[in-house]
Each structure stands twice: as structure tokens, then as C-alpha cells.
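Residue numbers (my numbering), protein chains in the order written: chain A, 1 to 558; chain B, 1001 to 1676.
None of these hints come from the bench; they were simulated from the model.
Mixed in with the good hints, there may be bad ones.
What follows is a list of derived Cβ distance ranges for each label pair [to be verified]:
#1 B/Asn1308 x A/Asn541: 21 to 29 angstroms
#2 A/Glu85 x B/Lys1613: 53 to 61 angstroms
#3 A/Thr379 x B/Gln1306: 25 to 33 angstroms
#4 A/Gly495 x B/Ala1175: 37 to 45 angstroms
#5 A/Glu114 x B/Asp1567: 47 to 55 angstroms
#6 A/Pro178 x B/Asp1567: 50 to 58 angstroms
#7 A/Asp179 x B/Ser1638: 42 to 50 angstroms
#8 A/Val384 x B/Asp1335: 21 to 29 angstroms
Heads up, simulated DSSO-like pairs for lysine-lysine below, C-alpha to C-alpha not over 27 angstroms straight-line [stated by the list, open to error]:
#9 A/Lys509 x B/Lys1131
#10 A/Lys534 x B/Lys1629
#11 A/Lys510 x B/Lys1086
#12 B/Lys1385 x B/Lys1397
#13 A/Lys540 x B/Lys1674
#14 B/Lys1341 x A/Lys534
#15 B/Lys1640 x B/Lys1598
#16 A/Lys381 x B/Lys1131
#17 A/Lys528 x A/Lys556
#18 B/Lys1622 x B/Lys1640
#19 B/Lys1550 x B/Lys1616
#20 A/Lys540 x B/Lys1640
#21 A/Lys534 x B/Lys1613
#22 A/Lys49 x A/Lys205
#23 A/Lys510 x B/Lys1131
#24 B/Lys1076 x A/Lys509
#25 B/Lys1341 x B/Lys1397
#26 A/Lys540 x B/Lys1079
#27 A/Lys231 x B/Lys1598
#28 B/Lys1150 x A/Lys556
#29 B/Lys1079 x B/Lys1131
#30 B/Lys1598 x B/Lys1616
#31 B/Lys1385 x B/Lys1150
#32 A/Lys205 x B/Lys1341
#33 A/Lys205 x B/Lys1622
#34 B/Lys1629 x B/Lys1406
#35 A/Lys398 x B/Lys1076
#36 A/Lys231 x B/Lys1397
#37 A/Lys231 x A/Lys266
Just so you know, even glycine gets a beta-carbon here, dropped at the ideal spot from N, CA and C.
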Amino acid sequence: MNKDYFTAEVIKDALVAVGEEMFNAMIRTSMSPIIYESNDFAVGATDAKGNLLAQGNGVTAFLAMLDTAVVATLEKYPNKGDINEGDIFITNIPYAGGGSHLSDVVIICPVFFEHELVAFTVNKAHWTEVGGAEPGSVSTRSTEIFQEGLQFNFLKVYENGKINAVLEEIIRSNVRLPDSTMGDMYAGVAAAKVGANRIIELFSKYNRDNVVHAMQELLDYGERMTRAELKKLPKGEFYAEDIIEDDGLGNGPFKICAKVVISEDKILVDYSGTDPQVPGPFNCSFTGLVTGARCIFKAITNPEIPANGGCFRLLEVTCPEGTLISAVAPAPVSIYYESLIAAIDVMWKAMAPVVPDRLPAGHQRSVGATFVSGMHPDTDKFFVMGEPLVGGWGASTKLDGDNGQFCCGNGETYNIPIELFESRYGLQVEQYAFHNEDGGAGEYRGGKGVVLDYRVTSDEAYFTYAATRTESRPWSMDGGQEGSNNYAEIHRHDGDVERHHMCTTVAVKKNELIRVFTASGGGVGDPKKRAREKITSDIKNGYITEEQASLDYGYKAG
Amino acid sequence: MAKRIGVDIGGTFTDLLFYDDKTNSYIVEKVPTVPDHPEQGCLNAISASVPNDLLKETEYFLHGTTVGINALLERKGSKVGLLATKGFRDVLEIRRGDRAEMYNLIWTPPAPIVPRHLRLPVTERMLADGKIHMELNEDDVRQALETFNKEGVDSIAITYLNAYVNPEHELRSEAILRDAGFTGAISVSHQVSGEHREYERTTTTVVDAFVRNRMRGYMQALEEDLRIQSFSGQCLITRSGSGCMTFSEAEERPFETIMSGPVAGAEGAGELARALKLGDIITADVGGTSFDTCLIIDGRPQLLYQGNVIGLPLQTPWVDVRSIGAGGGSIAHVDAGGLLKVGPQSAGSVPGPACYSRGGEEPTVTDAAFFLGMLGEGKLASGVKLDNEKAEKAISKVATQLEMGKEECARGIIRIACASMSETIREITIEQGNDPRSMSLLAFGGAGPLLASIMAEELDITNIIIPPYAGNFSAWGLLGADLLRASARSHIMPVNDENLAYGNTILNELFADLESRESDNNSANWRKEVAVDMRYRGQEHSVSISPPIKNGQIDSSAEELARIFMDAYESSFGGTLEATTEIVSLRATLRQSLPARKYARADYTESKTEKAKSLKAFSFHKGEWQDFKLYSRAVLESGKTCEGPAIVTEQTTTIYIDSNDSFSSANNGCLLIKRG
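One chain only, chain B, in its complex shape (with noise of 0.2 angstroms):
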């Protein structure tokens, strides 16, 4: 056991979670986040909650940021110079040529992050088995290095075609641009990604070399910051594709935390599914500014391995959150065919919502739902009193305009809120082919317990479960994240016993470069997997599979393998093919565990002698104002069964029970409420 902390930095808050082994407990805290400095946000969290001989004392800082996709959703980064196979240029400009909205004739691509006249062609060729075609015209590498320095770009990434398969020149150009006197960034598209497909590489090359001085900055200022504060430990960093990665592993590598924000919610639902054996979990969490959704299945999110972030693939695991804009903040307002719509347009931190009287006006869900009764008395662990009046008059505004009573104004902005939620679900479950109603629903964030009740009737889940610190679930999270290291190769070939000792060969070269990345003193700690993506012969898309290994190797017959897929092939698209089945990519993780922690009940602070109280609010079940009872969380005694209608505090978050569901606090820390 060790002591680690867990900031998460979301849209609206920077949540902390500080865990203690010595005492077995948690610290919670929540700050507003500070969108143009978000280290501050989380060097705030900090010293508001954690004091400094227990800072001292601890091992992991572990992080989630933003601060990668911020630099891509603004565009500010590198001035990236890009090296490309003469002819290729165009590549990174004419993408695949898909219009992602058909019907709309101005809509216009995301502009290329390298303009034409920094995409500069070499005179090399290989060939897709690997051959060379056309010798490295070195010349054109001094040549474009000369236009790099002239334009003043200070990251350059390479990218040949089907280096992927034989990196020589993109290596030979690499130590060109160093022996001319290049100092600044190279990303080289053979070692951010070995999978094929030109466009893809070169954009996540691309990316990598766009962001990689930005992250790098924001990591070592953040570290040093912490060191000053007396923190000695290690600094980690979540992964897009799931656990995390050391603060100067993810200097190298800066693409691979692109999506770090949203993947620690799903990351700690994993482990918790894990833990407590809870089944298979869908995750509502439901911030201020957005709404993200998960699907855990034996007890690991569900992977991806191409990423999109803004209309740019990006060859990396990716954990599949999916995320809309809708959350706590989301402002109601009345379109132009007369239909009340809620989000994506959030009242995030700055103003907040009306009825935190920090002067929005907008009407928000947080506003309908203390409108309704559904927050309670309204007090914040904060010392913020809500305010009922304010809340009353924005929501008026859109209830006049719809010509409808405040009420049900306010009904229908929580109902038009979940209901986007839901359908966001469904497209993770049913249209997977995944039944929502044999799954738990994971509530947490801000906002995700108050509107889990209402999300489950409509899915027609029978369990919810709201995990410890249901509020800050996503920092808990991240203090359990798994440190990960992965790659991966594309070589096409067809599944017999001699390709496969190839592939065992590909997956010993993976394996020792992954080693290689960092050296540390725990390196017989890791733990190896595989997957193989593979397909049969003449489809472009694959299947990943997870065959049977021995240190790292496929432990199985060509047969066995063709098996292996052919069976997951038929429960994804129901029926197999005749035809030739073919090996396309191998992956190689790499994965070791931090030192365990306990679940144990969640130890809040609230003072344990409050009588049970109760106050009206709406009950969607009834479709009527009933009494509520009014709990606070660290008074439920575990095991015991209540009714509902209730409504249960907690420092960072309300848990709305409808009149419909009872529920218990359990020994785990979990609170489960059973619909019906």
C-alpha cells in the first residue's frame, strides 16, 4: 500500500482524492477549474486539502488532464514541420475524403496542423513488403531542413509510406536532421505507431509532434511545482487507451494521454467491477459540462484501437467513453421549430447555474432539479446556499416561451436531459448488440447520482450502484490505475504455423522495445499481454482477438488461432465466411499493478447524529410532488434496507431515489438502489 493522490481535471471542476494507507481513508476535494492555467486548478486542490507532512509521505501523484486536447481543440502547439514520400504530401490535407455531414455542402474539413509549404517531399520508396523501391535522396532532408529553420518550426515529424514495415529511411532521416544541428522535436511515424494506413500514422505523427512541447512544458512545470511542495514521489499520467504512463514516459509520448480526462471515471469502474465482482457496468457520469458513458465487460472498459478527437483518427488504444454535451450546467433553451432542447451550451464554472447566484441567468438542469426537489435543502459542501428564487425566474424565461407552467418546464428539461443521456447508452449497449437491462448502471460525477433513478427507468435497468465519492469517482480512479506500456505492428499475412512464429517474432521485438522505453527497478513486475487483429482475406476491417500466451508468445496452433477468431467473428456479425483467414496487426502491453489499496466504506465527515428529516419533491415515477426522506450518506447503516423516495447527501454529490426503488448502503462503500 502506498500513499497517492488523484487529481482529475474535468471542464468545469479539478476534483482531488487523497488516499491514505496508513489510516485507510480518503480526503475529498473540489475546485473550480482554471481553464488558461489548469496546473493551478490542481496545485489549488491541493493545498486547500492535503497538508504537507502527508504530501511528503506520498508515492503517486496521478493525473487526468486536459491539457493535450485543449492544445488540439485551440490549435496551439508546435509549428510542426512534416517530412513526407515525395509524391504523399497531400495526404495529410485530402484525409480519407469522407464528408462527415453529407447533406451540408459548406462543410469544410478540419484545416491540416502542417500547412502545404512545411509538408516536404523526399525522394525514397518502399514497397509494402518492405522492399526498397527508391533509395533516401538525403539531399532533400538537408534541403527541407533548410525551409524548417528558415520558417522557424521547432518539431518535425517524418512520415514515410510503409515504413511501418522498414523504418530505414525514416531512421537515416532522423539522424540526418540531428547531424545537421536540429535540436528541436522529431516524432518519427514508425515508432508512434506500427500499424498501416498512411493518413492515420501521419496524423497521429502529426499530432504527436504538434503537442509534444505543450504537454511537456505543463508536465514539468506541474512537477516541479509539486516538488517544491515537498512531493517526492512518482508523477503518472492516465493513458487514452486505459492505466497510465510516467510523466517522462508521456514527454515521448505525448499522444498516447490525448483522451486522459475522461477514461479515469471508466478506468475505476473497471476496478471496481473487478473488485466486488459487480457484473458488467454501464458508467453515467455526469459532470457540468458533459455527459460520458462506458461499457465495462468483464471487468475491463471496452477498447478501441483508433482514437478520434475532433474529426483526427489517431492509431492508439482508446478506451470507448462516449461523451455529449450534457451535464449539471447545461443551459434549456427553446429552438426554432418550438422544441425545448438542454445542452450542449454549459454554464460551466463561470457563471454556474442561476441558482448559485453567481449572476447566470440561463436556465440549467441544476436549476430544474432544485426547482423540483430533487437536490434537497440545497446546501453545498462548499458554504453555497442555493437559491430557489433565481432558480424559479430563468426557468420561467424557456417555460413563457413554451407557453407551459414552471413546473413542467422543469420536468421536461430533466426529462429531455436524461433522455439525450439514454439514447447515448443505447448506442454503447443495444446497437452493440448488448442488452442494458442484464447490466448495472455505474452513477457518479457531480451530477450522475442525482439523475441515475430517472436514466434507469428509462433503459429499464434494474441496479444502480453510486461508488464511494461518487462526486469525485473519476480522481478514485485514477488512484487505481494499472502503469501500461503498448505497441503494436501491422504485417498482413495468412494464419499457418510458419506466419505464426513470425508473429511470435514481431511480438519478442514489441516486448523488448516496450522494456526498453524507460528503464526501472520494477521491470519484473510487468506483466504481458496480447491481442491479434485479424480478418479474413479481401476485408479492410478487423477483429482484435486475445489468444492463449507463454511469456509474451502465442501459446496456440495456426488452427486453434483461425478458431479463436472465427468464433468471435460469428458473435459480432453472426455467421463466419469461407475464406482464408489472415494475422493483420500484433499488440503487445505491457501492464503492472501500483500497490493495492482497500475499498473500504467510505469514511465522510459529516457529523452522524442528524435526524432523519424529510421535504417534498417530484417523484418522475408517480408523476407527483411526494415526501422525500432526507438521509446523509454517512449515516446509512450498511446492510440495511430503505424505501425510497429518498434523497441522500454527500459532500460532492446528491443521490435522487425515486418513490419506486429502495436501497443499501453496502459494506464495499457502494450504495445500490434496486428500481421496483
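The shape of chain A in the complex, shown without the other chains (with noise of 0.2 angstroms):
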């Protein structure tokens, strides 16, 4: 045993520590609700060549978008000279390494101890503003990147300790508000400065070999910790397919799939045969598609392990460029999420049979994000809305599935209370419940989707929505029935009632009903097998009807 293990151990956890650090100084120094409140962002270090070394998130869907952000800042800058002390980076190119969408930013600080460089902290938040067709940068209905921001290809956004002033007026000129986005940048660079400070900090303590001998025990603590678990997964090949409905230009469905390979070594996932990119904006990158894996990689192995490089040694992905979920520039990629979450569902799909301990099955598989805007009836300004929404998850086959969570691409994110959104915005919420949908029937029940209903209360207001699974349900597994679908309604003045899948900014009358469902996750088991005891307890408590449990459990009362 080296003679330094307990000293390496030390400066283990602080490094894994340091992740945390920046997670805290990022909501400190961030002037965004999106960051300090949804939490939409993530913050990391790596080693000088990019392997990541602690990650702290607030979704789950930026995984693989730090250390991808350096590794590439480390491909264009490649000769000695080319990153000095006092330089920052900044990228958000979606079909490069940290890239998902424009609005989400990286901001990439090299640390130097003693001239050398060390190490690197970096992280990547969804600005307010990045300019582009739409206000907020989001946009479901373009159709080329260019529609939708502002790129910058990983440059110098600081020079030798000196901002880049050509690039702040630029960013300035083309944005809707630009003290927010400043604000944003410097939230970024504020962060990324705590940890390398921190770092700084360590190299001085311990003296350089050390930290650097303990970056690599790190690294190789998490392979050996997940080797470990690798063990234990059984071998062979694993497929999985599944569609994407529609690329928000009315296009689809599209078919998305996964082969998942496990060997004595490694984990491979193989996604060709996913459909070619799309004229909408649900693209997604091959980056993003690394994140998606890395989520399940990390659901099937143990999640309890700190994410590092280390971990995902043992994880290859591969997908023919050009497809749904690896698009190349100038694919719009505004609504990427739900294809990454897509991703990650279909490789979910694949292990579930194999891990029914780790993965339960299918869920909502959608943020649902959920947009109104109008006037304020009170103060007559103009407010937009915008909330992803809880879906239920899949029962698994121990237990029936969780009713009403965020789907697996959110993570610290939290509803708006009703009390503060009746304030805040012209709507009424009359509803927020679960519902009683057919759909996720099993020996283990699918878990509860939500009805909310939003009663206009403005003069007129503006729905935007954007969902997969509206036509195809949550999977489910060994006989079980699936989920149910995600949709929307408006229901009229007339008494018309209308169905949405996807859609931007249709008007809505004072008065009227903005109804949304979220999908039941999928069932486990044959119903007719579910225990009697629970099936008269889900009728007590309204998790089921009466008829239900009579047409899918088979059940006669008495």
C-alpha cells in the first residue's frame, strides 16, 4: 500500500468536494431564477486533459456536457501557448463537445498551479436570453439554427485576465436583455474561479505529485468501483425501439433505437438505425445523446458512486453522424431535450428486463413544458408562464411506480406552488391531481399522471406546449398494460374541445380552460395477477376505478 493512501483519500473528497462548492457558489452569484431556482445548470472539474473529476447537477441532462466542453476547448487549442493563465473559455455549440442548445452555456476556466497547467473548472447554465427568433431563446417551431441565438465556438470570452470586449458588445447588441446575459456570463466565470481557487488551494497544501497521483486514484476508484457493479450485470445484447411523435413542424412519427452490448469490460451502446435529423427543432447532439447513456450507464451500475471519468471508462457510445439524436450543424435543436430524453428511454427499454432491480418501466419519457403568456388582469403586464410539468413513472417488480414526478431528464426541479402562481400570472388553477386515465394496468401498477387545469383569466392568453408520448404510451413490461399519453385540450367557450400534441401560441379567451394531462407510467406483471387486498385498496383510494379494475384486474366485488 503506497504510503500516501490516506493523504490521497483526503484530497479525494475534497476534489469530489469542490464540485459541490461551485453547485452553491453558482446559485449565490446567479442573478437568474432559472438557475437559482430551477437549478438548471451544472458545474465540474477535470483533470488537465478533460477526464472529469467531480460533477455537481441540478438536472440530470448535462452529464456528459462538462468534460465533452473541455476536451474539445483542449482539440482547438492544441499547441503549448495556445491557453495562458487569465484565459476563459465559452462554447455553445450544440454539435460539439458541451453542446446542447444555444440557450445553455459553457464557460470553461483553465487552472494553473506554478505555470502548469493542472486542471480545469468548468460549467453550463441555460441563460435568460441568448437572442434568436423567439423571446427566451426557445423555440418549437424553427427550422435552422440560426433562428435560434447566438454561437460561440469555444472562444476567448477572457484574454490574460481581460474580458473580450468585441465579444461582450456583440453579445449586448444581439440579445433582448443584456444586463441579464452579462449576468449570466459572470455567474459563470464567478463559479468556475471559486474552483479553481479551490483547487489552487489543494496543489498548495499537498504539494503537486500528490493531487495529481490522487486525480488518477480517483478516476480509478470510480472504474474500480463500477467494474465492480459491471460484474454483477448479465451478459449479452440487449435491443430496444421506440418513435418520437413529431418534430414540431407537423413531421413523424420517428424512430428512435438502441442496442446495448455488455461485456466482461465494457458497456457499449449502438443507436444506428435511430431515423436521420429532422427539419423541426427536436435534434439532439451526439453529445447529448452521450449524456443520455451515461444516465442509464449510471442508473444500471450504482448511482450512489460520484460521477468521474472513471466510471464511465467502462461506457463506449456509437451512432452513425447526422441522425435524430447526433445532428450536424445547421440542424435547429431548440426542443433537444425531449429526444435526449428519448435516448435515454429507449436505452432504459433495452436493460429493464435485464435490471429489473435498477429500472422500473416505462414513464412519461417527457418534460411537458408548458408555456402561457397575456396580460396580467391585475397589473396589466405582460407575464409568461412556463413550467415542465410531473408525469407518473413505471411500476417495477417489486412495486407499483411513483405517482407524479419529474421525468428523468430534470432532477433538483420543483413545481410552482399555486398559491405564488395564481399571483404571479393570469390563470386560475382548478385542478392539480391525479387522474384516472386507462392505461399502466399490472400486477404492479403503473405510477399516477396529473390533470392540471388553467382557467384564463386574462383577456386573452397564449398556450404553448411541446410533449412526445402523445400518441404512443409508456412501455411496460412482462405482460403489464402500458401508460397512458401526454396531451393537452382547450376546452371553448362553444363548448368545442380541443386536443393539442404540440403547439405555439394559440389563443385562448378570458374564462376559457387550458387542461393538461400527463401520462401513467407503464405496469409490471399480468393485471389478473395483482393482489386482491391492493386492488380493493387502489378502488378505496381512487388510484383506479371501479370499472377499471373489473375490465383490466378482472375483479368482482364482494
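Dock the two chains into a complex; use the hints.
Structure representation (C-alpha cells):
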């Protein structure tokens, strides 16, 4: 055993803590609600080669977007002297390392100790505004990337400690809220510097060699822990496919598929066979795809092991260029997250029968982002309400699915309390409850989706909605029933009910009702095998109706 | 001054401290916690140490307990029925929709305390501004009661949307339940919490309803037992949000005492810091099972206005004590990646560490410390003599797995335990923008003084303070707790002079409500305190500020109030925004101090004629074994500086002082250790 075994341990813990520290620094220094309230960001540190040492996440969807950004920076600046003390880089290119959509911007800070490049700190956050055709820079109807905002192609936003004034001026002139946007950038830079200082402190306290050794040890430890878990997984090839209904422009459905090959020393995921990239903004880049694969990889190895590059050494992801989930320029990518979640889900679907103790059946598979804008009736000010919605998760082989949770692409995401919602927006919530749509029956029942009613109180409001699983349903296992659909309705004054799967700024009049349903999760096992007392309890609790009990479960009262 | 008893029930030990105002002296006792009957452990401690004639003259019994939190952990409480606004009965189950372990796809949130069939809808609706949108349907309430009665519900929670603005429907529903003959407990949301956010207020109300009967039963039984033993004073219990309240008030507001346990130590630290002008302090409370740490700034523990217990948010003031499962009894083991881990499993008081010879075989932090000589000769006050062979045998189990020597392994156990404690301290200091190097580390609990020197080195802290009665310091903290009552109400409004006047009206109502909670003879002694939660329009989170006040009213202009907020915002977030400032909530607190007590130099009972001895122990600073001088704390001469390495023992703890440290016993009763 190495003499410095425990010193290495202490440094390793401190490196993991750097991630936490930057996470809090980001929240503390940020002036944007998207960051300090929705936690739509991630922070992390890598070694000098871009191997991920530690990461702190608010949402799962950024898991492969920090280390790949550093690797891409190193590729773009390969020569000695390209990267200097005081430089800070910025990128939001969707198709390269670190890329998702233009709103998510990466800040990369090289860390020097005694003039040697020893590490990087890096963060990625959803900025309030990056310009483009739509306010807020998120569009469900863009047809090329240029409509979605500014692109920063691994530029030096700071050089030798000085801000790049030309770049700053370009940003300020091209966004709707220049102060907020610059505030987002400063928050990212501040958080990266906090982490950099902490790493430099470690180097001066424990000396260079010990810390470099501990970094490698940390990665090797991640690999060892993951390898121990990999050993327990069954070996073989596992395949699943699924669809994405729509690209936002009415095209579709599109096929997405994954083949997972588990061998002694790695997990390979091959997404070949997925449809080519699409005209609408549902495209996801290869980086996004790697994030998706890492999410499931983490779930089936040990989700409690801190995420680092060592864990992911045992994962290989392949997909031909130019598919819906490996899109290339100039594909529009604004709603990339729905396809990313579909990529998570299809690998999940391939693996669930193999590791049923780690993966439940299919869930709502959609952020279900719902936006309503209009003039507030009390204040006469323009409001934009945007929120992700909770839905039903799938059952597993031992348990019923969870009711009403955010999808796998979210994480530390919180719904808006109704008591705040109504004072803020020109809408009144009339119900927020589990629904009784058919779906999810099984020996173990899928979790319940919700129904949410917004009554419009402004003279006119505009409704935008994007989801998947609007026609397909969350998948089941072992003879369970599939879940239900995500969809929205508008109840008009004349009694008309319009059903929507994807829509942009549809006008809704005062006192008309917007009703959104989120999917229930898939069931597991033959419903006829469900224990009688559980069915009785489900009826009593209103999780199923008596009619569903009789039709789906063959239950007879008495 | 007044005689008083403090009893703090922890996971492993029940600690007692008795203060005698006549002799200005203390009695110290430590007995094993009785997990199934905590009140029995409490009585055991009293009968073992406090003579009956002293108990008779005692004016206050102050208590810190884990009964409330255990009721939640074990889910053993009342059968609760919930009345909710129609359309929103699932709020309790949907929570905020967040997933605490985002990569764990089979993570399951804690089950709702009230099952769906006992969450019944009532037709009624208040709007956000308090206007009635839909009248209360009284039949819905009566029908719900029929169901509750059939199901054997013995506690009802009423939570309607926006009831914090207009409680009319909640109050009428309560009256209807009583008129219809319901005799069980009723918790009403606007009385539990006047703050917005329906999920958090609903959960708090439901928790209140759930623990009410059990807490009441516990407190009544304990008080009765104390009366039998001829105690005739007042019974007080610590609040999660600092201070204490009477048993009878706690029976009405049991949710305020959920975190009663770990708060007492933080309170004591605050009192000590104020009285002895110790500056800002980090507490390191290491017991048998857990490590608790808290930041004391300007003599007060840091306070939050929302707590969280096993995934359930509670809308009540909450001292920001962070806990991890690492203590003297924490067990060392090797994980799947071949790494040495310490805790969170603990050997507890039964079987205890291997060296206690009570049947424990797994190596604990205490075993490693004793093996390394850090516990001196290993003679405990209870008469137990620690067994070095048993410690060695337990450690060698893990050492073999790691292919390393026993000594190296023991060092590793101590270092890893200290590293995880230091990490937790970093969370509340560096990560909140506070530099630990400018603060003192106050170490207490059975194992705090043992590990403080190593932790301080890890965090680069220069000054360590070991308070008097360090092993029982939480009980010491109980003895000085202030009586406290607090209430808050949300009312979102832009800051202007008119709204400020309305805010003062709300404060008047809040203080009137607080004063009426329980009649007492000393109402003139209450001091009023006010805090205001403020934010920029459009934000969700707020910053709490303390404005200047005069007799419970905000004594500043709207402009000044906004300025105070912006200063606080800038110091938290590094800048201000160009946006309207809003008042979100108003917070009223009544505070009353117990009669003063003296901080005399601890009067230790050990013999004062002992000769200085020394023994070999491992110095973490030097990385080698050295001669450590052995002292009894009682014989340390006040004001004289001694050089480490040394081991100082007292009745309930052992102080490890490394070779780079010097130390002195101050005449205020504290032992001061200076590193480097």
C-alpha cells in the first residue's frame, strides 16, 4: 500500500467537494431564476486532459456536457501557448463537445499551478436570453440553428485576465435583455474561479505530485467501483426501439433505437438505425446522446458512486453522424431535450428486463413544458408562465410506480406552488390531481399522471406546449398494460374541446380552460395476478375506478 | 438564579446536567439511552445523580428529545385525516415533484403520511388575495367526518388553499367538526403556519397532526413521573428553531419541537459566545452516533425558516445544524471499490465499540483512537476499563482486508472520520462564503474534544475551545435556553409606506396571537423581535432581514427598509438588481430569558493531587508516536499555558492535544487550545 494512501483519500474527498462548492457558488452569484430556482445548470472539474473529476448537477441532462467541452477546447487549442493563465473560454455550439441547445452556455476555466496547466473548472447553465427569433430563445418551430440565437465557438471570453470587449459588445447588441445575459455570464465565470482557487489551494497544501496522484486515484476508484458493479450485470446483447411522434413542424413519427452490448469489461450502446435528423427543432447532438447513455449507465451500475470520468471509461457510445440524436449543423435543436430523454428511455427499455431491480417500466418520458403568456388582469403587465410537469413513473418488479414526479431529464426541479402561481400569472388553477385515464394496469401498477386545469383570467392568453408520448404510450413489462398519453386540451366557450400534442402560441380567451394531462407509467406483470387486497385498496383510494378494476384486473366485488 | 436540570437524549447516551444556584456548582451524569422508553433513560439519569431534596427545590426541567423525530422515522403516530380544497387533495402526494436521487431511477419518495382515501375534498375556494371565490360546502365537511369516524381517524388536519390569507373556511370547518362531535386532535393550517406554499404548509400541518398524540403522551408521562419524584418546577422543551417552550405549549404546537435534540448544543454555543465574547464559532458536536455542526455568528446559531426531516419540509424556524452519521461509535468497513469507509453504521451503546468489552467486534472510531493512545489509559468515569486487545483484534479485521498494518489502518479510520466531519463544516462555512480560519472551533460531545485538534488542522483553524462539561455540553446548553414563541405570515406586497403600515398591522396581530397562546405571570418580561422576508419582484426565494423596531413595530421608512434588504442581498449574492422590492413574509418572535446563571470555572470532582504522568500516543501532526503528558482537567492551573502533546481527561470526555498545540485553562471555565 502506498504510504500516502490516506492523504490521497482526503484529497479525493476535497476534489469531490469542489463540485459541491461551485454548485453553491453558482446559486449564490447568479441573478437568474432559471439558475437559482430551477437549478438548470451543472458545474464540474476535470484534470488537465479533460477527464471528469467531479460534477454537481441540478438536472441529469448535463451529465456528459462538461468533460466533453474541455476535451473539445483542448482539440481546438492544441499547441503549447494556446491556453494561458487568465484565459476563460465560452461555447454553446450544439454539435461539438459540451453542446445541447444555444441557451445552455459553457464556461471553461483552465487552472494553473506554478505555471503548469493542472486542471479545468467548467460549468454549463441555461441563460435567460441568447437572442434569436423567439423571446427567451426557445422555439418549437425553428427550421435552422440561426433562428435560435448567437453561437459561441470556443471563444476566449477572457484573455490574460481581461474581458474580451468585442465579444461583450456583440452579445449586448444581439440579445433582448443584455444585463441579464451578461449577469449569467459573470455568474458562470465567478463559479469557475471559486473552483479554480480551491484546486490551487489543494496543490499548495498537499504539493503537486500528491494531488495529481489523487486525481488519477479518484478516476481509478470510479472505474474500480463501476467494474465491480459491471461484474454483476448479465452479459449479452439487448435491443429496444421506440418512436418520437413529431418534430414540432408536423413531421413524423420518427424511429429511435438502441442496442446495448454488455461484455466483461464494458457496456457498448449503439444507436444505429435511428432516423436521420429532422426539419424541426427536435434534433439532439451526439454530446446530448452521450449524456443520455451515461444516465442509464449510472442507473444500472451504482447511482451512488460520485460521477467521474473513471466510471465512464467502461461505457462506449456509437451512432452514425446525422441522425435525430447525432445531428450536425445547421440542424435546429431548441427542443433537443425531448429527444435526449427519448434516447435515455430507449436504452432504459432495452435494459429494464435485464436489471429489473434497478430500472422500472416506462415513465411519462417528457418534460411536458407548458407555456402560457398574456397580460396580467390585475397589473396589466405582460407575463410568461413556463413550467415542466410531473407525470407517472413505471412500475417495477416489486413496487407500484411513483405518482406525479418530474421526468428523468430533470432532477432537483420543483413545481411552482399554486399559491404563488395565481398571484403571479393571469391564470387560476382549478385542479392539480391524479387522473383516471386508462393505462398502467399490472400486477404492479404504473404511477399516476396528473391533470392540471388552468382557467384563463386575462382577456386573452397564448398557449405553447411540446411533448412526446402523445400517441405512443409508456412501455410496460411482463404482460403489464402500457401507460397513458401526454396531451393538452382547450375547452372553448362554445363547448368545443381541442386536443393538442404540440402547439405554439394558440390564443385562448378569458374563462376558457386549458387542461393538461400527463402520462401514467407502464405496468409490470399480468394485472390478473395483482393481489386482491391491493386492488381493493386501489379502488378505495381512487387510484383505479371500479370499472377499470373489473375490465383490466378481472376484479369482482364482494 | 434558579436551580435547574437539563436532560438531553441522544442516539447513544442520555446526558444530564444539574445547576445549583446556591453553591454555583454542577452535577454531571451520562447514562445509556433507552430507545423504546426514552423517558425511562431520562428518569434513570435523574435518580442516579440528583438527590431528592435538590430536585424538590428545582425550578426548571429543560429537555431535548428525539421523540418527535422518531415518531416520524418509525411512522408511529396518529391516524390522520386530511380535509383539502376540492381538486387539490393530491398536493401532499405530488410534493414538489423533485427527485432527490436523480440517477437512481428506482428512487421512491417517502410515502404520504395520509393515504389518499383519508384525504377528502371539500368544495370551497379562497383566492390569492383572500377573496372568497367559492363558498364552503358544509356538507362536504360533515360527510368527510363520517368517513373519518368509520376509519378510526383520531387526528384531523385542515389545509385549504390560500387559507393563510383568509382563514374563514378553515375555522368554520373546525367548528363544524366539533359541533358534529369530533373529540380528537385538530390541526389547522393557518394556525400551524401563516406562510404560503401549499405543499409545505400541508405537510407541516399533517406532521403536527401525526405527532400530536404521541408527543402529548410522552410529555404528560414524563411530567407525571417528575411530579411523583417531587419536582414542582416548570417543564420546558427545546424548539427546532432555538429557545424553548413549556410542555403545555408544546402539546399544542408539537411540530415546533421535532429537532429538539441537536439544537441544544448550538444554543449553548451561542450563549457561551455571547457571554464570553468568543467571536464567531463553529461547533463540532461528536456523540456516539452522529456529528452535528452549526455556525454561530454574532452569538446566535444560524436560523432557517424552513426545516427538512426525512424528506419532509416543515414551515417552522429551524436552527441550521448539519448532521452526518459519524461519531465515536461509527464502524469502519471496506467498500466494493476497496476503500476504507467510516460510518454511518454505529455500534451505539449496545454493543458499543469493541474495546468496551460488551460484545462489539467491529472496529469503531473509539477503538482506533484508543489503539493509538489518544484516549490515554482508557479509564472511563463509569468504571469501565477499555480493552486494548479487543480494539486491536477488531482493527486487524479491516487492516487485513486493506493489506496494511494495524496502526496505519487505525490512523486511517481517524483521518477519514475527521475528513468527513471537516467536509460538513466546509458546507456551512466556505460554501456559504464564511472563512473558517477566522473562527474558533468549539468542540464538545463525548468524542468532540478527542478529534478537534485533527479537524482544526484539516480546516486550518487556529483556535479550539473546549467548553466546561464538554461531554455533556448539550445538556449545559439546555440550561440557558430562552423561552421563545414565534409566528409568521406571508403577505406579498411592494415596499412602500402604505404597505409598511399594513405590515405593522400584521405584526400587531401576530404579537397579540403569540401573547394569547398561554397565559403566564411574566408577560412583562417578553422582548419583541421582528424579521422581514424580502425579495425582488419575480423571484421566488427571499432574504430575511432584521429591521430596526420600536415596540414590535418596524421603525423605518419604506426606503430605508428597501436599502437594508439590498445591502443584505448584495452581501449574499454579490450584487443588486434594478427591480421592485417586495415584502413576502413578516415574522414576530417573543423572547424571555431564564434567570441568569454563572459561568463558573467547572468544578471537577476528580482528585487534585494526581501526579503528572505521560504515555505514548500517536501524533498526527508529527506522523509518529510521541510522549503525551497526561492531565486531569481539574488540576490544570487557570491562566497557565502548557505545551502539547498532551491528553487531558475529564469525567465525560477526553481531550487530545497534538504536539504542535499549546493550551491553557481560562478562568471562564473553557480550555483553550492554540495550534502552531
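For this session: Quick one: which hint numbers does this structure break? Sort them smallest to largest.
Result: 5, 6, 7, 8, 10, 13, 14, 19, 20, 21, 24, 27, 29, 30 and 31
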